[in-house]
Each structure stands twice: as structure tokens, then as C-alpha cells.
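Visitor: Chain residues, written in single-letter form:
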Amino acid sequence: MPRIPVTSRRGLLFGAAAVSAGAALTACTSNEPKKAGTAATTAAAADDKPGTPVTIGFAGPQADHGWLNAINQNAKDRAAKYSEVTLEITEGSNDTAAQIGQIQTLINKKVDVLVILPADGKALTQVGLQAMKAGIPVINLDRVFASPQAYRCWIGGDNYGMGLNAGRYIGEQLKDKPDAKVVELAGIDNLELTRQRTQGFDDALKNYPNIKKVARQAAEFTVETGQAKMAQLLQAQKQFDALWNHDDDQGVGALRAIAQAGRDDFFMVGGAGSKSAMDAIKADNGVLKATVLYPPTMAASAIDLARALGQKKGVGGMSELEIPASITLYSAVVTKENVDEYLPTGFI
Amino acid sequence: MSGITKSFPGVRALDGVDLDVQAGEVHCLLGQNGAGKSTLIKVLAGAHQPDGGEITWRGEPVSLRSPIAAMRLGIATIYQELDLVEGLSVAENVFLGHEPTTAGFVVRGRDARREAAVLLRRLGHAEIDPARHVGDLSAAQQQIVSMARALSHDVRLIVMDEPSAALDPEETDNLLRIVGQLTADGVAVVYISHRLEEIRRVGDRVTVLKDGRAVANGLPAKSMPTREIVALMTGRDVEYVFPRRPAAPRSGDPVLRVEGLARDGEFAAVDLEVRPGEIVGLAGLVGSGRSEILETLYGARKPTAGRVTVDGRPLKPGSVRSAVRAGMGLAPEERKAQALLMLESVTRNVSVSTLTRFSRAGWLDRREERRAARESTRSLSLRPDNPDALVRTLSGGNQQKAVLARWLLRGCRVLLLDEPTRGVDVGARAELYAVIRRLADDGLAVLLVSSEVPEVLGLADRVLVLREGRVVHAAPATELDEHRVLDLVMEGSPSR
Amino acid sequence: MTQPASEAPQAPTPPAEAPPATKGGGRRPALGLHADVRNLSLLGVLAALVLVGGITQPDAFLDVSNLQLVLTQASVIGVVTVGMTFVITSGGIDLSVGAIVALASVWATTLATQEYGFTGILFTAVVVGVGCGLVNGVLIAYGGMVPFIATLAMLASARGLALYLTDGKTQIVTVNSVLDLGLPATYVLGIPPLVLVFAGVTVIGWLVLNRTTFGRRTVAVGGNAEAARLAGIDVRRQRLYLYLLSGLCCGIAAFMLIILSGSGQNTNGNLYELDAIAAAIIGGTLLSGGRGTIVGSVLGVLVFITIQNIFALNNLESAVQQIAKGAIIVAAVLVQRSTVRNGDG
Numbered sequence: 001m002p003r004i005p006v007t008s009r010r011g012l013l014f015g016a017a018a019v020s021a022g023a024a025l026t027a028c029t030s031n032e033p034k035k036a037g038t039a040a041t042t043a044a045a046a047d048d049k050p051g052t053p054v055t056i057g058f059a060g061p062q063a064d065h066g067w068l069n070a071i072n073q074n075a076k077d078r079a080a081k082y083s084e085v086t087l088e089i090t091e092g093s094n095d096t097a098a099q100i101g102q103i104q105t106l107i108n109k110k111v112d113v114l115v116i117l118p119a120d121g122k123a124l125t126q127v128g129l130q131a132m133k134a135g136i137p138v139i140n141l142d143r144v145f146a147s148p149q150a151y152r153c154w155i156g157g158d159n160y161g162m163g164l165n166a167g168r169y170i171g172e173q174l175k176d177k178p179d180a181k182v183v184e185l186a187g188i189d190n191l192e193l194t195r196q197r198t199q200g201f202d203d204a205l206k207n208y209p210n211i212k213k214v215a216r217q218a219a220e221f222t223v224e225t226g227q228a229k230m231a232q233l234l235q236a237q238k239q240f241d242a243l244w245n246h247d248d249d250q251g252v253g254a255l256r257a258i259a260q261a262g263r264d265d266f267f268m269v270g271g272a273g274s275k276s277a278m279d280a281i282k283a284d285n286g287v288l289k290a291t292v293l294y295p296p297t298m299a300a301s302a303i304d305l306a307r308a309l310g311q312k313k314g315v316g317g318m319s320e321l322e323i324p325a326s327i328t329l330y331s332a333v334v335t336k337e338n339v340d341e342y343l344p345t346g347f348i
Numbered sequence: 001m002s003g004i005t006k007s008f009p010g011v012r013a014l015d016g017v018d019l020d021v022q023a024g025e026v027h028c029l030l031g032q033n034g035a036g037k038s039t040l041i042k043v044l045a046g047a048h049q050p051d052g053g054e055i056t057w058r059g060e061p062v063s064l065r066s067p068i069a070a071m072r073l074g075i076a077t078i079y080q081e082l083d084l085v086e087g088l089s090v091a092e093n094v095f096l097g098h099e100p101t102t103a104g105f106v107v108r109g110r111d112a113r114r115e116a117a118v119l120l121r122r123l124g125h126a127e128i129d130p131a132r133h134v135g136d137l138s139a140a141q142q143q144i145v146s147m148a149r150a151l152s153h154d155v156r157l158i159v160m161d162e163p164s165a166a167l168d169p170e171e172t173d174n175l176l177r178i179v180g181q182l183t184a185d186g187v188a189v190v191y192i193s194h195r196l197e198e199i200r201r202v203g204d205r206v207t208v209l210k211d212g213r214a215v216a217n218g219l220p221a222k223s224m225p226t227r228e229i230v231a232l233m234t235g236r237d238v239e240y241v242f243p244r245r246p247a248a249p250r251s252g253d254p255v256l257r258v259e260g261l262a263r264d265g266e267f268a269a270v271d272l273e274v275r276p277g278e279i280v281g282l283a284g285l286v287g288s289g290r291s292e293i294l295e296t297l298y299g300a301r302k303p304t305a306g307r308v309t310v311d312g313r314p315l316k317p318g319s320v321r322s323a324v325r326a327g328m329g330l331a332p333e334e335r336k337a338q339a340l341l342m343l344e345s346v347t348r349n350v351s352v353s354t355l356t357r358f359s360r361a362g363w364l365d366r367r368e369e370r371r372a373a374r375e376s377t378r379s380l381s382l383r384p385d386n387p388d389a390l391v392r393t394l395s396g397g398n399q400q401k402a403v404l405a406r407w408l409l410r411g412c413r414v415l416l417l418d419e420p421t422r423g424v425d426v427g428a429r430a431e432l433y434a435v436i437r438r439l440a441d442d443g444l445a446v447l448l449v450s451s452e453v454p455e456v457l458g459l460a461d462r463v464l465v466l467r468e469g470r471v472v473h474a475a476p477a478t479e480l481d482e483h484r485v486l487d488l489v490m491e492g493s494p495s496r
Numbered sequence: 001m002t003q004p005a006s007e008a009p010q011a012p013t014p015p016a017e018a019p020p021a022t023k024g025g026g027r028r029p030a031l032g033l034h035a036d037v038r039n040l041s042l043l044g045v046l047a048a049l050v051l052v053g054g055i056t057q058p059d060a061f062l063d064v065s066n067l068q069l070v071l072t073q074a075s076v077i078g079v080v081t082v083g084m085t086f087v088i089t090s091g092g093i094d095l096s097v098g099a100i101v102a103l104a105s106v107w108a109t110t111l112a113t114q115e116y117g118f119t120g121i122l123f124t125a126v127v128v129g130v131g132c133g134l135v136n137g138v139l140i141a142y143g144g145m146v147p148f149i150a151t152l153a154m155l156a157s158a159r160g161l162a163l164y165l166t167d168g169k170t171q172i173v174t175v176n177s178v179l180d181l182g183l184p185a186t187y188v189l190g191i192p193p194l195v196l197v198f199a200g201v202t203v204i205g206w207l208v209l210n211r212t213t214f215g216r217r218t219v220a221v222g223g224n225a226e227a228a229r230l231a232g233i234d235v236r237r238q239r240l241y242l243y244l245l246s247g248l249c250c251g252i253a254a255f256m257l258i259i260l261s262g263s264g265q266n267t268n269g270n271l272y273e274l275d276a277i278a279a280a281i282i283g284g285t286l287l288s289g290g291r292g293t294i295v296g297s298v299l300g301v302l303v304f305i306t307i308q309n310i311f312a313l314n315n316l317e318s319a320v321q322q323i324a325k326g327a328i329i330v331a332a333v334l335v336q337r338s339t340v341r342n343g344d345g
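In order, the protein sequence lines correspond to chains F, B and P.
Under full-length UniProt numbering, the first sequence has 91 at position 91, and the numbering climbs by one with no breaks.
Under full-length UniProt numbering, the second sequence has 133 at position 133, and the numbering climbs by one with no breaks.
Under full-length UniProt numbering, the third sequence has 137 at position 137, and the numbering climbs by one with no breaks.
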């Protein structure tokens, strides 16, 4: 379901050259754990006090863009917070065979818990099963394995929910406007996640009969294509009320195209939750008014879950003794009102 | 075969050739380069379609529309350049195109290897492993594979184009033994070779080709005196018209001086001098190193020893640009592949070596370029007199003039001509000869290479005879005749 | 096959006697007949596209802002295609153009580079482009590598280096003097600066290919490298210059892309190599070398961009766009072949 194929991850990368990545991420992960949507909803059962030592193996794909960088950074920072946790992190790889080899090495080292963000969920299912059979619980991060037997707990984002929440937000803003027009700038069209996002968006808009989606073009999660497709959309649609862009990264290009066309007759909602998008929302001086999250802080949560598993504890705030088998993160809508809460989680 | 005619653009390669070959005989084809041997066997192999004439096969008139049609009739051809696929195994090569198969497409590799081994044994080469890659075999072994391929068809006639060219004496002996065996089995062989002693050993009858005609048919191979064969090869119907030489030989310092030039495996210790106004000819067989010498002193190949000077200044070895800058120009043997830009106009072909003269800071003065190129082509009477004509539409002779015009425009001092009349119609040659002589009279030093002995003798002032990469004789052209030169270049044949 | 070679064996005619018969009629434009016919047929394709665009979207397609849009979108890949046309004309190929654009755009937008402002960014983009071209050129001309392999290696390395420099992050440009060049305020008589650069590169490219010794040597090397060498042309140096030129075009294109997208990203220039090659080929440049036309290449780029534009304006899916693009490539080449054959006849 919320499996993100390799190429899609580009969509989640975002950058602001002015601020260094490390600072922002440190700020994020060391934040007080009370704010909804951040990964800092720490387990209470497994509290911050040092417990029994736990060695966590972490295997992810090659960090070839900002979102995955943020994933790695979140995992490392969170692990560093606990003195009893040792993190064995592999060199990221997009090659299925290489990643299988790395995970097998971690299994042979007899780590206590594995956190795996597979380059390809289906292809790495076997090695997940192998780890579970060897008695090493697996936390499956974001891209889901083909079999639930291959992981103890899955945690990841919600693509359908992203679209749904973006649609709801736009719907609420435009519900009193007759014949409102909406435009969608999607990500790579041949990815399942793009279709899920669009499906959620369309389903949400069905609740608002006065709103019509008049155009949809697919960019490729890159700034260059975001600019090109947005420029064409703006040329095609001389007037509309709202724009949903699936991805804040191609959004950099989209915003550039909007500036180049000199348009300000609509408002725009982004996706994923990059730092620069949140900065723009906070400044409130352009068309970008909101963005829906797909938070990389899930890696920090995965480390928390792994630690709890390793220490045989549950998570706080739940009645059950065991941690859940699957956790789908909420795609919150970040607006000017709540942006300060989320700003530390914005990735570069 | 009777009355076979074949023309190529600008050239009549075969002019009513008759050839009859009987079962179980070795019929030898003799002739100088360009006499039409290759064209004739390509017609036999179905690779060329004759423009006229008739081919009769076992009493029936046939038409060989394609190499496959010829092969179906039982005619196999072993070309000079072996047409084997180096990346495939021996067995795969032998059965290429008619592999033993199951259900029409599954190749039965084991059967192919077994049958290939049988064929190789029959050829006396059981030591060649059918599973080996052809690329790993020696030239002689590849020859055997070619022959095995021919025999893998139900073959009645095998055509061999200079099969011994790449073989050493021992391998040649074996080859001749195989040829004898084949004929004993009733297979007919058409055998082409320059080496008279082979022809004498293995041949039954001889047909001599000359300028696309058969000048002698079915002569007894064993008993023909060498002199007579040479006379047949050289005697001509078309007399070339050569321009008159200047009365007195040129004196003065040589422009071009070559000292001890050598290239391993090609030629050694070549010394020569060419004076302004002089035409020096190099005569020799294919493989005697003629073209290689020319290309080496032009810098297109790197010599292993020796030096070349123009006006006393040594050239940088292996640098064409150094040679061109010193005033050398080459009209190479393969005009289309080595000299001409076939997609381009005459003007651009002529000006390509002189571009900087028509440019300022890289900017071309195209009017001046065109004018100068045209002046150059007109002085050579290039036809048509249209600077924009595409060079590929010109006849062979005019294409050659375009190349000469290039060097004339450049103002070159030393002109190297490699087979200047190759692919040029016989009628147009005389004009080209006149052009070359006039260029010499204007002060150019000309070094001429030709496989046609009369051309060298008729055009050059002095002649150097080459054999196996060495100058074996040097003399004024007037002191030599064709027989003498052929004797010199073929020396070593036991018949003499 | 047309000339039966019937020169009479006579003495050559002295030049003075030559009649000036074909003075007026014999002159033909430098592009030659083929190029003209091809360009005409491509113009036909373009006209047909404009017709389709005008009928399906009369308001959005036929207006000045759309013309600005199409030309702007064509400008980056257009500059790359001009360089590619030279390389292909010389019988080579440059598969690394997209990767060089990515690397140059990324290098020119690092925080350190941005501190040097406009000139720093422009300088870095051009130097990185030329540097990559230099490596390509040396490997091919003096290292004896096949262009396909050498530039394929450059493709991989430059993309890798671009990723290494960015960590996959988008580098946002904050230098206003660069950003402003993408905004309507800097349009000159309604022409975006990027389009002016594109036009300038096109004109210079055309002049260099058709009016200079460099262009002539390029065609000669592509038409017959051995003949060019034996005619005294320094073929290796020419090849080196050609890949330098392609690299230079990539550097310029990278700067233009920075202006257009306001950022540098390692995914920039994705598949530019294929678009540039396709545009040059449908424009009439021979893939085997020896014939090249800048005008045709630019028309080829405009055809591709116009297709994209029409499809986007009609809100069609990406999948349909790709199918149509493939079909139009085939159609354009087929139309050309038939017109050229007729024109040749």
C-alpha cells in the first residue's frame, strides 16, 4: 500500500540552500515530544531512561535525495539519544541483491532488532522472512513487504490519505464558492502512489459538488518537470481557484512557473512537507497556503519501536502490552495556523 | 559460361568472357590486377549479375540470381578475404545457414560438430577442433574451414580466389594436395593464383584474362612456357596513349628524399629520390609493399626506421600534417574511402586541404573558395564544369581529377599517386596521364604506384621494381620493358 | 551511375578559356538541396501541429504568452541540441549531455558558488560544462575510445558526481540577478532572455557550421574521417574541439535551466541526450555523420515542444503524450524520406 518505489522518493526531497540540513533535522528530532504529527510521540512504556542494551540493525536504500537523507538522519539522531542503543547502519543501496546481502550480514551479526526500508518491498520479502525465522523482529519502514509474516511491525505514510486531506482542505476553503475550479499537478504517473494520491484527492472532492477538477498534468517529481508542466497548466487554465501539487519538490518548479506567469488568482496546496514549503506557508506572501505531510520522522518512530521491541516493552498511550502490527501515519495538513509546530520536521 | 559481360559505372569489367570448366579438372584463371578475375568469379558465385551472356550448368542454361542460388546448384566460392564469422565456432561456421536442426529451428550442435569433424578429416585436418572459435585459428586453418564449408554443401564446383596468398610453403603443399583429392572425387575447381609454379603443379588448363577479355582459353597448364603466359597477360588490345617525356631527364636537387625507410613486416631499407618535374614509378605485385611505402612516407603509417625529407627538411614520422605542410599530397588507392567526401560538392572536396587560405579568423570567403577551386578543376578539365556538382555523381576519372585539383590548389610540390587509374575507364586514362605529365612539367615531383606495369613504364621517367618489400632494381623507364619488369617482380618462380 | 566517363584523350584546357556559363544559375545555398527539403517538410509538420493546436485550443494555444512559453521551454534543450548537431555531424555521439547539464547546474548552485553571485554561477556552469567536454574529447580523440562508450561513462560519472554534490537535495537559488532573468520584467520587447540566448546560440551555430573552416572540417571528418586525415586535417584535434563545444552548450543550457527552475538538482537534464539526438535526426542531420543542419535541429526541437504544449493544453495524460511523440517521430522521418527521395529524383 504505502510502498514508495525508488523513483518516487525524489518527490519527497526538498531543499533550501540557505539553511543547513543538519541543523534543521537536529532541531526536529530533539524537539519536545508533545506535538501531534511529529515522530516525537515517544513510547511511555519504553521511557527515556536507559534500559537493557539493544543493538538495532538499520538497512535503507541509497540516500540519493533529501527525503531519504532525512530518514537516515532521523534514525541516527534518535538512536544517539539512547545511551543503551547501538545502531548498525548499512551503506544504503538501491540494488536488491546488495541490500539482501547487507541484511543477511546484519542477521549473522545477530542484531536484536532490524529496521528495514527496502529498495523494493516485494523483492526483499524473503530476507524479511529469514530474519523473522532467525528470531530477529523486523520493523518494516514505509515500503511494505509482500507478506505480513516478514515483519513484526510496519510503519509508514499514507498516500491515499494525503490526497484525501488535500482535497478536504481545498473543499473547505472553496465550499461557498459556486463553480469553483481546481487543478492538480501530479507526480510520476506510472507509480501506484501517484494514483493513490489522486484517488484520495478525487474522493474528497466528491463531497463538494460545486468544485470541479478542470485539469491534471503529471510531472516527474523534479523541479525541472514541475516548472515545465505547471507553465503549461497555467497557459491552459487562465483562471482557477485552487491547485494541489503532489510534491513540494516539484513544487519549487511549479512556484517558479507561477512567478514567471505572474499569477496569483488561486491558492496552492503542496505535498510531503519540505522546509522551504513550510517557510513559504509561514511567510504567507505567495500562493502556497498549505501542504500535506508525508513525514520522514517515521524513521525516528521506527527506532523507538525497535528499542521497545528489543527491551520487550509496549508503547505508551495504549492498553495493549504489545506494540501494534501496523502503524499508518496521519498526513496532517500544515497551514499558517499550525506551521510553527511542524516547521522543525520540514526536511531539506 | 559464354559471352559474360559486366559493366560498372565508368568501367567495363568483363567484356564477353568465355569459360568452360569440366568435372574433375582444375581450371586456372590468370591475369593482372584489374583484368576481371574477381568480377568473373563473383558472377559465378551469384554475387554479381552479368549484363549479358549465358551460363550453362550441366547442359542447362541457368541464372545465378543470388549466392544461395549458386550454392543450391553446387557452386561454392572461397573468397580471398575469408568470409567466416570469427566469433562462432568451426562447426557453426561450416553449417552457417544450413544447420542440422530438429523441428526446423533447434540446432543440433553435437551433430554439427560431428559432421564438421568428418569434413575436416577428409581435408586432412583432423586436428582442428570443431568447437573452437574461428578467430583463434591460423589463416591456413581458416582456409580449411572455408573449404569444409564448401564441402558441407553437395558441391560440384569450387572457386578459389588466391587461396595460397596467406599460406606458407608447407601449408600451400597441403592445400594443393587437397585440391588434387577434390578433383579425384569428380569436383571441378576454378583456381586463381599469381604463382605460376602452383598453377603448373595443380592445374589442368589455363584461361588468361586481360582487360576484361579472355585472351586465351583452355591452354594446357603443365606445358605452357612462362614467357608465353606473361606475354598473354600483358599483351593488350587497347594501346594506352602516354604523353611524351621531356627530352632530357630532369636535373637539380631532389625535392623528396627517402632514406632507409622501413616498416616491420612490410618493407625495408627503401631509398629513393624524386626531382622536380620527374615522375618516379614503383612497380611490384600486390603485397610487395608499394602502397605501404607511399602511405608511410606520407605519414599515414608510422615507419620503424628511416627518414623522409622534403627540400632537405625532415618530416615528422607518422604525421600526415607534417607531410602536407611540407608540400606533399596523396591521391590514395581507395579514392572513395580515403580521399573523397562523397556527400559533398566538387568545390568542397577540392578546398578541404586549403581551407585556411580562404578564411580570416576561421571565417570562410566562400566566393573566393569557389573561384579558386574552380580554377583548379578547370585547369584539369574536370567535367562537368560545375563546382556544385556532387562528387559522387562524377565518373572515376573526374573523381580522380577532383583529388588532383585539391593538391594543385594547395600548391603541393610532391604528388604521391597510388593506382591513379584504378576504376577509371580505359578511354579516360590517356587524359589522366596527360594531366599527370603536365603537372610534372610544371615542376611537381611525382611518385607513382601502379599494379599495371605498362602504366608505370609509360608514364614514369624512372622505375623502381619492388619485390617482397625491397627495391630489387632501379632504372630509367626507357631501359625496361614489361617482360623484364614482370620477370623481376615474379622472380623466384621455378619456371624461369 | 550517371556519367559514362567520356572524356576525350585531349590536352587539358587552360583555365583562361573556361566559360563563365553557370555563374548565376549554378549557385546553391550552403545547406544544400537535402537540408532544404527536409527543413521544408519539418516546417510542414510544425504548421500541421499549429493547426491542430489552434483548432483544439483556440484561446490558450494561439496567443503571445503561449508562444513565449513554447520558445522558453524549447530554449534549454535547444541549446543542447545545437551542440549535439555538431557532434553528430562529425560522426560522433554525445550521450552525456543530460548528465553534464545536471552536474553543471548543481555545481553552479552550491552555497559556495552562490556567494559569488551571478558571475560565479554563470562561470561555474560554463567551466563545468567545458571541463566535462574536455574529458570526453580527450578520451575520444586521443584515448581512442568509441564516442558511445566514452560519453556513456561520462553520463554515469557526471550523474554520480551531481548526486554526490547534492546528496539528492534541491539547491534553491537565492541570487536575484539570476532569478530575475526568468521573470517577465526582464523580457526584451516581449522576448524572454532565455529565448534570446537560444536564438543567439542558434545563429552562431549556423554560422560556424556553414560559414567557417571549423564547420567545414566538422563535416569533412563526419563524411569521411580517413579522407579528412589524408587531406591534412587534424582529425583528432577537431574531435576534441567538437566535444568541448558540446560541453560548452551544456554549460550554457545548465545556466539557462537554473534561471528557468530557480534551482539546481541532480535530476536535471533527464534524458536530454535522447531528446537532442531525436531532434537532430528528425531535423535531417545524418546519424552516421557528414551532413548536419542547425535549422533542422531547431525545428525538430520546436516540433517536440509544440507537441508537448498541445497535449498539456488539451489536458491529455502523459501516457498518451508519449505514444503520440513516438508516432510523430516516425511520421516526420517517413515524410522526410519520401520528400527527399522525390526531391532527389
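Treat the hints as calculated values from the structure; they're not laboratory data.
Every residue, glycine too, gets a C-beta built ideally from N, C-alpha and C.
Among the clues, some could well be false.
If we take Cβ atoms under 8 Å as the criterion, some of the chain P residues that face chain B in the derived model are [claimed, not checked]:
1) 160
2) 164
3) 220
4) 227
5) 236
6) 325
Heads up, simulated EDC-like pairs for lysine to aspartate or glutamate below, C-alpha to C-alpha not over 20 Å straight-line [as the list claims (entries may be wrong)]:
7) P:325 x F:84
8) B:302 x P:234
9) F:181 x P:234
10) F:213 x P:317
11) F:238 x P:234
Visitor: Would you pick out the hints that fail for this structure and give their numbers low to high?
Guide: Failing hints, ascending: 1, 2, 5, 6, 7, 9 and 11.
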